[in-house]
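Peer 1: Start from the sequences, fold in the hints, and give me the full structure.
The lines below spell out each chain.
Number of protein chains: 2
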Amino acid sequence: MATSKQRQAEVKRRLTGLADMVIAAAAKKKDPMMKIPVRSLSNVKFNGKKRIIEMGKKKQERSFFNLGQAKKFMQTILVADALAELQNANLTTSLREIYYRTKHTIEGSHENTFDGQNESDPLIEDLEVSLAALREEFHVRADNGGTMVGPIVLEDDGDRIDCTKLGKGGYSIPSIVEPGYIDIKKCTADFVLLIEKGTQWNRLSEDKFWKKFNCILLTGNGQPPRGVRRLARRLHEERKLPVYVLVDNDPWGYYIYSVIKQGSINLAFESQRMAIPKAKFVGLSSFDPGKYDLPRNVGIKLNDKDINRAKELLNYPWFQKPHWQKEIKGMLSSGLKYELDALANKDFQFLTKVYLPQKLKERDWID
Amino acid sequence: MATSKQRQAEVKRRLTGLADMVIAAAAKKKDPMMKIPVRSLSNVKFNGKKRIIEMGKKKQERSFFNLGQAKKFMQTILVADALAELQNANLTTSLREIYYRTKHTIEGSHENTFDGQNESDPLIEDLEVSLAALREEFHVRADNGGTMVGPIVLEDDGDRIDCTKLGKGGYSIPSIVEPGYIDIKKCTADFVLLIEKGTQWNRLSEDKFWKKFNCILLTGNGQPPRGVRRLARRLHEERKLPVYVLVDNDPWGYYIYSVIKQGSINLAFESQRMAIPKAKFVGLSSFDPGKYDLPRNVGIKLNDKDINRAKELLNYPWFQKPHWQKEIKGMLSSGLKYELDALANKDFQFLTKVYLPQKLKERDWID
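Just so you know, the sequences run in chain order A and B.
Heads up, the final residue of the first sequence is numbered 379 in our numbering, and it's a clean run with no missing numbers.
Heads up, the final residue of the second sequence is numbered 379 in our numbering, and it's a clean run with no missing numbers.
Take these hints with a grain of salt, some might be off.
To be verified - Subject to a maximum C-alpha distance of 30 Å in a straight line, what follows is the list of computed DSSO-like cross-link-like pairs (lysine-lysine): (1) A:Lys84 - B:Lys358; (2) B:Lys220 - A:Lys17; (3) A:Lys313 - B:Lys83; (4) B:Lys84 - A:Lys358; (5) A:Lys17 - B:Lys365; (6) B:Lys313 - A:Lys220; (7) B:Lys177 - A:Lys197; (8) B:Lys198 - A:Lys365; (9) B:Lys198 - A:Lys177; (10) B:Lys198 - A:Lys220; (11) A:Lys84 - A:Lys69; (12) A:Lys24 - B:Lys84; (13) B:Lys198 - A:Lys223; (14) B:Lys17 - A:Lys220; (15) A:Lys198 - B:Lys198; (16) A:Lys365 - B:Lys24; (17) A:Lys17 - A:Lys290; (18) B:Lys17 - A:Lys224; (19) B:Lys220 - A:Lys177; (20) A:Lys84 - B:Lys313; (21) B:Lys177 - A:Lys252; (22) B:Lys17 - A:Lys177; (23) A:Lys83 - B:Lys83; (24) A:Lys220 - B:Lys83; (25) A:Lys71 - A:Lys42.
The hints are simulated quantities; they were obtained by calculation from the structure and are not laboratory data.
Peer 2: As structure tokens, then:
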């Protein structure tokens with residue numbers, strides 16, 4: 013495996029390679045042209061063997077001398093140039109700032125290079141797939157988007173961060189957690205618990221669940237952002253930790269789990285480096301309210317949107333296993349969904365003291 | 013000033029005092045009754061001298077033997093009871109879990125104590141104003157909601173957290189930052205920079221702006237959550253630090269600043285412990301695009317909603333100072349708003365290297 017420095021040099025080489033291609037074509041008086049993998053739904057499939065959603069092999073050409081492609085070609089090169097500037101200065105920035113940085117009036121005209129961020133964002137995705145690098149490797153970040161506590165020591169910008177010594181608050185997970193940005197110096201945890209919502213994460217952190225069960229508590233406050241998914245994947249891959257996912261019992265919870273596990277349809281090209289095909293669904297299952305004696309009045313009636321979404325999920329290839337069909341149909345036939353918060357009906361600490369310990373002890377999860 | 017332990021004991025005493033009141037009334041065969049300050053707009057005013065938005069003195073009575081109030085009275089006592097349970101067990105929880113905890117079917121009936129969280133949330137606010145305590149003091153939290161770096165050392169749950177040693181990622185600010193939860197052990201910063209958006213916070217953190225300018229960098233990723241506001245207020249009050257606010261140049265940016273400074277209309281009762289009347293607006297001002305030579309094409313055309321909101325702001329009593337009228341009218345007459353992100357048009361590090369240093373050097377802010 014390449015070191016983080018080698019990888020960074022490689023990404024930089026690929027970006028500047030684009031400029032070289034344009035220069036070489038110009039020198040030969042040829043049409044500069046790029047081949048870009050097609051990011052549309054038609055080029056996405058579920059790989060049943062690897063159990064991830066991935067892109068097919070279709071590519072499209074984008075050239076400078078094609079009138080319909082000239083502007084887009086120029087925009088792509090402008091974005092690549094801004095990304096190369098970030099590499100050279102060793103800076104990170106946001107999608108929005110890339111847009112602003114590359115926006116100017118084209119000399120001798122009244123036309124702007126870009127009229128909106130909706131023009132520059134897709135080009136960054138084009139470059140990701142063409143150059144086979146994550147946007148994080150291009151130094152493009154989002155906001156900090158998650159929190160972590162547990163027996164792990166990180167190095168971030170020369171600082172050694174011991175996540176057992178950050179109180180209840182924990183470590184704020186940056187958007188970019190690639191090796192070289194964030195290094196995992198030490199990790200003695202037995203598993204990762206990835207929790208959908210901050211409120212349950214707070215419960216578990218306050219109760220020092222990570223100490224008793226020797227695990228890492230991660231949350232992304234809803235659909236986990238890329239940094240949280242990537243960190244979970246690194247812990248799984250580099251430290252061989254099992255990843256257990258705890259979400260609400262509703263179609264959105266199932267979907268969050270499925271994105272963590274096999275990636276998403278929209279961003280299929282990142283599954284290879286983001287998905288965790290062995291992630292386990294630890295709850296909240298449609299059969300938990302019965303098992304843990306939750307009253308029906310803390311369930312929430314499924315609405316039409318829930319029902320339609322659940323039916324869609326039933327058809328996804330990655331939910332074809334019999335236990336998943338049973339799980340989703342169980343929810344539909346009860347007519348109810350349950351939030352994890354509803355466990356508080358039993359006791360404020362029911363999650364920490366009863367529910368999760370029993371789940372882990374009985375290995376009561378779905379794959 | 014009371015110690016944090018004394019204050020906690022006092023809050024507990026006030027909560028259990030409610031139960032005592034009910035018992036005492038029952039013993040005397042009298043109608044148990046509470047007086048609750050009115051939280052409606054009619055009871056909110058701007059105190060021009062203290063320069064905060066605060067509640068008036070109007071109160072309403074809520075009693076058990078009044079048929080129209082009996083259910084609400086019972087619900088209020090149930091919520092207070094759940095809050096007392098949290099005090100006794102020294103636990104924190106969320107608004108949503110309070111709802112689930114207090115929800116049950118009333119014995120001998122088919123009626124639920126609560127049918128939705130919209131019934132329990134206002135009662136927590138009623139208890140806040142009646143018992144003059146913040147919900148955080150009742151141990152009610154939201155998600156972690158902000159990030160901080162800089163020369164400050166905190167104690168959180170027995171851990172000593174040095175915010176100069178947390179890399180670029182920083183400290184994830186918990187929802188509850190009251191003394192006793194989070195103690196400020198040491199702080200050598202000269203000021204607090206409270207930044208609206210995470211993207212500029214990341215820029216400044218990456219560039220170690222806090223080191224060069226000896227300040228604390230705080231963000232709440234948008235409208236700052238209560239924990240961030242309360243922490244800024246504590247740093248201002250306990251450590252006498254000036255607070256500078258950096259927001260987008262649009263009506264929503266002005267409003268974010270105004271909530272930090274004098275509190276909000278909806279939650280007027282918390283201004284006394286959340287507002288920072290001396291907070292300064294450091295940018296982005298309507299006159300900055302001219303001063304810093306930003307091209308007009310990175311401005312965004314004001315839409316009708318922006319224009320109406322700006323006109324509303326012009327009428328607020330706390331925006332009556334001439335420089336504020338000039339600032340807001342300046343935006344209206346230019347017809348443009350600017351995001352902080354637009355500074356990247358000059359250079360990715362323009363914010364860190366030119367804009368903020370010049371602002372601070374020239375003391376170019378609005379009060």
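Peer 1: Which earlier hints turn out false for this structure, listed by number in ascending order?
Peer 2: 6, 8, 12, 23, 24
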